[in-house]
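Undergrad: Same order as they appear, the protein sequences are chains S and D. If you're matching positions, the first sequence starts at 509 in our numbering and goes up one per residue. If you're matching positions, the second sequence starts at 14 in our numbering and goes up one per residue.
Don't read these hints as lab results, they were simulated from the structure. Incorrect hints may have been included.
To be verified - Residues on chain D that point at chain S, a partial pick, calculated with CB under 10 Å:
#1 Phe-93
#2 Ala-107
#3 Ile-329
Just so you know, even glycine gets a beta-carbon here, dropped at the ideal spot from N, CA and C.
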Amino acid sequence: MAFTLGYHILLVPLGVALPTLTLVMEGIGLARKDGVALLIARRWSVVMGVQFAVGAVTGTILSFEFGILWPKMLGRFGAAFGLGFAIEGWAFFLEAIFISIYLYGWNRLRPRTHFLLGLVLPPSGLLGAFGVLAANSWMNTPGGVTLKPNGVLDVDVWAALFTKALTYEFWHFTIAIYLTAGFAVASIYAVAWLRGRRDRYQRLAFGVPFTIAAALAPVQWIVGDLSARALTFDQPAKFAAMEITWQTRSNNPEVIGGLIDSGGNVHLGVAIPSLDSILVGLSPSTIVRGLSSFAENARPDAIESNLTHLSFDLMVGLGTAALLLTIWYFTVLVRRRRLPESRWFYRLAALGGVGAYVTVEAGWVTTEVGRQPWIVYGAMRVADAVTNASPVFLWSMLGTLIVVYAGIAFFFVTLLLRLSRRWRREDEAGGTEPSGARGLPYAPRPRAVE
Amino acid sequence: MNVTLAYLIAAVLLLAVTAYSTAGGVDFGAGIWDLLAGGGERGRRARELIDRSMAPVWEVNNVWLVLAIVLCWTGFPILFERVFLSLYPLFSVALVGLVLRGAFFAFRHVAENPREHRIADYVFGISSVVTPFFFAMSLGAIASGRVGAPGVSAWDASVSPMSIAFGLVSVCATALSGATFLIGDARREQAAELVEYFRTRTLIAAGALIVVGTGALAAISGERRELVTSMASFPAVAFVAIVMVLTPTVALLVWRRWFAWYRILTVAAVGSLVTAWGVAQSPYLLPGRLTIEQAAAPLGTEVLLAVVAGVVVLVIGPSIGFLLYLDQKSALEPQH
Numbered sequence: 509m510a511f512t513l514g515y516h517i518l519l520v521p522l523g524v525a526l527p528t529l530t531l532v533m534e535g536i537g538l539a540r541k542d543g544v545a546l547l548i549a550r551r552w553s554v555v556m557g558v559q560f561a562v563g564a565v566t567g568t569i570l571s572f573e574f575g576i577l578w579p580k581m582l583g584r585f586g587a588a589f590g591l592g593f594a595i596e597g598w599a600f601f602l603e604a605i606f607i608s609i610y611l612y613g614w615n616r617l618r619p620r621t622h623f624l625l626g627l628v629l630p631p632s633g634l635l636g637a638f639g640v641l642a643a644n645s646w647m648n649t650p651g652g653v654t655l656k657p658n659g660v661l662d663v664d665v666w667a668a669l670f671t672k673a674l675t676y677e678f679w680h681f682t683i684a685i686y687l688t689a690g691f692a693v694a695s696i697y698a699v700a701w702l703r704g705r706r707d708r709y710q711r712l713a714f715g716v717p718f719t720i721a722a723a724l725a726p727v728q729w730i731v732g733d734l735s736a737r738a739l740t741f742d743q744p745a746k747f748a749a750m751e752i753t754w755q756t757r758s759n760n761p762e763v764i765g766g767l768i769d770s771g772g773n774v775h776l777g778v779a780i781p782s783l784d785s786i787l788v789g790l791s792p793s794t795i796v797r798g799l800s801s802f803a804e805n806a807r808p809d810a811i812e813s814n815l816t817h818l819s820f821d822l823m824v825g826l827g828t829a830a831l832l833l834t835i836w837y838f839t840v841l842v843r844r845r846r847l848p849e850s851r852w853f854y855r856l857a858a859l860g861g862v863g864a865y866v867t868v869e870a871g872w873v874t875t876e877v878g879r880q881p882w883i884v885y886g887a888m889r890v891a892d893a894v895t896n897a898s899p900v901f902l903w904s905m906l907g908t909l910i911v912v913y914a915g916i917a918f919f920f921v922t923l924l925l926r927l928s929r930r931w932r933r934e935d936e937a938g939g940t941e942p943s944g945a946r947g948l949p950y951a952p953r954p955r956a957v958e
Numbered sequence: 014m015n016v017t018l019a020y021l022i023a024a025v026l027l028l029a030v031t032a033y034s035t036a037g038g039v040d041f042g043a044g045i046w047d048l049l050a051g052g053g054e055r056g057r058r059a060r061e062l063i064d065r066s067m068a069p070v071w072e073v074n075n076v077w078l079v080l081a082i083v084l085c086w087t088g089f090p091i092l093f094e095r096v097f098l099s100l101y102p103l104f105s106v107a108l109v110g111l112v113l114r115g116a117f118f119a120f121r122h123v124a125e126n127p128r129e130h131r132i133a134d135y136v137f138g139i140s141s142v143v144t145p146f147f148f149a150m151s152l153g154a155i156a157s158g159r160v161g162a163p164g165v166s167a168w169d170a171s172v173s174p175m176s177i178a179f180g181l182v183s184v185c186a187t188a189l190s191g192a193t194f195l196i197g198d199a200r201r202e203q204a205a206e207l208v209e210y211f212r213t214r215t216l217i218a219a220g221a222l223i224v225v226g227t228g229a230l231a232a233i234s235g236e237r238r239e240l241v242t243s244m245a246s247f248p249a250v251a252f253v254a255i256v257m258v259l260t261p262t263v264a265l266l267v268w269r270r271w272f273a274w275y276r277i278l279t280v281a282a283v284g285s286l287v288t289a290w291g292v293a294q295s296p297y298l299l300p301g302r303l304t305i306e307q308a309a310a311p312l313g314t315e316v317l318l319a320v321v322a323g324v325v326v327l328v329i330g331p332s333i334g335f336l337l338y339l340d341q342k343s344a345l346e347p348q349h
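Construct all of the structure, not just a fragment, from the sequences and the given hints.
TA: Now the structure itself:
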């Protein structure tokens, strides 16, 4: 389950945010009658289509897996946990319809109509993300359910949908989506710059997504900080694991790197005195709750704590690196009124795409592993949620899925590489009419009589 | 209030399953004919037609499936738990089939040599048979009353004469849907030879559906007589009658080459087949064990589901209409 969820989350940034980037580009193209921008938008939309197809497949797998692996959790709490998914299911439906229209509509609808119809995509993507985050937040800070004396669950819909964690999870993740998509798309064109491509096409395709991502990086830093601080109230055990804090104490140091053992001793790592306390309560005397203050069956074990802690550090570290890169970018942009021209800038920007994905994954590990051993925080343990199916069955299922997913990943990457090679050839040939999506699996049909 | 709503949600759930069976059926059916097309020039041309006709509907069908699952676990959590605890073997196979199908349909477009192409064709074709078979088996297993029965293992719940009967019926029904829609696509391309090709196949599939369907009824009455009884009484009998009238009608139309209404009537027949089962089983979700009322989620959840469904019908209905309108107008195809 973790494997499939962890995989699916990688598809989310491009899935939700690429339509927005594409529309911004199409908007620029239409407003300025810029053929280059339109060409870029057209090509991005092809990637968007392939990406959506892959996302639909892994999404379908996921919905079944909830049943195959965690039937008891859904049987018990489905009425509350499922609410978000009910919204997501319909949003996904809407998105499927309008992506079809958008992809098939290029050059076949009037440009303005095409653009306006495309505007449905970002909100429906966000609505879907909202639904899933509502479900995840519910697992972290369950609310809106009361157990009646006769054993029946009563659900207060609003309370179950808008749980405490949703406020920060939603903003933190939504910004992360746009940030990641922006850095990822820009990184491709950073590589193009390094290879010597310096035309208008490269500048636009790099500049637009990078600027969007760069504008969001500082915001994310603040939202991330607020989220972590909220955790000290909502999920103190998770927070203790993130900071590998063992004893409840004031003047708690911030440990960077390092590992904790099951006896509470911290090895390696750099400890900055009192910093954790200062970050939590703005004063060294702030008391931070430690892992040892929770019962052993209600807190992450040593391995889970270390995983949570290191992922958290990785996420914060990479986020900070992104912030510095952004400062560099804006400094050049404002003072020289042009894009940076340093090779090192583009090298870092090229790494930024991968870095952003690693950051998303690290953030996900932090929130999911940090919740262990609970599947629903404080209400149900993972062990009580799983199926009775035999381990042999589960392992063979996992094996099959790994093979299938590797296949999908291979297919996706191969396809993108083939596309990029073809587009480069086209550009070098100097043709103006884009071949767009020819020969793609989910592309407009080729001419019937050929 | 709660009961009415629960029935409403159950109806939407049945609708999603029906929509998946009909819309997805057309798609799976095309895959079945792809598998049976064989080598040679004629087979190649049939495959190309199948390719072209499958491309524009792509993932919209999976959406129905996701929707059904989500409605089930939110609206009827206990049903979801019991069904998956018993039938996970069936769903696992169907799921793998579903993924392989999509992946290899896409893969054969980028396959670079004939060998890769052949492998992709086979995997795509075989998984097009396996997937609907196993999904329908799970419906049959639910209908057999074995799901959630005490002391019945997952294996016994999953595999029974009834579940196999459901599976076989679904393969025939999808083959029929696929063939009729391919006639339509061949006609649109004015490929007379392919029209004849799929006309023969429509007739074969319709015949198979009638024979296998009759056999399935025998299997059902052997295992669960109550279901046959309620299928023979109002209101389910209306849907049964529709299936019994429409299937031969489609065959007749296609046989006489009166190419009008044959597709919509096929959809109605296949849809009624699923609906007949669902209506006959109500008020039970799991026959003899769990009623719609017992399984329903708390009132608040049901209200939200109904509201969301209502809003979406207002938005999605027109959107689908618009998509179909553009498709019919050929606004989404290159101008000739």
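Undergrad: With reference to the structure, classify each hint as holding or not holding.
TA: Tested hints:
Of the supplied interface hints, the one on Phe-93 (chain D) holds, with its beta-carbon coming within about 5 Å of a beta-carbon of chain S, less than 10 Å. Given hint, Ala-107 (chain D) at the interface with chain S, holds; its Cβ is 8 Å from that chain's nearest Cβ, closer than 10 Å. Among the interface hints, the one on Ile-329 (chain D) holds; its C-beta lies about 6 Å from the nearest C-beta in chain S, closer than the 10 Å criterion.
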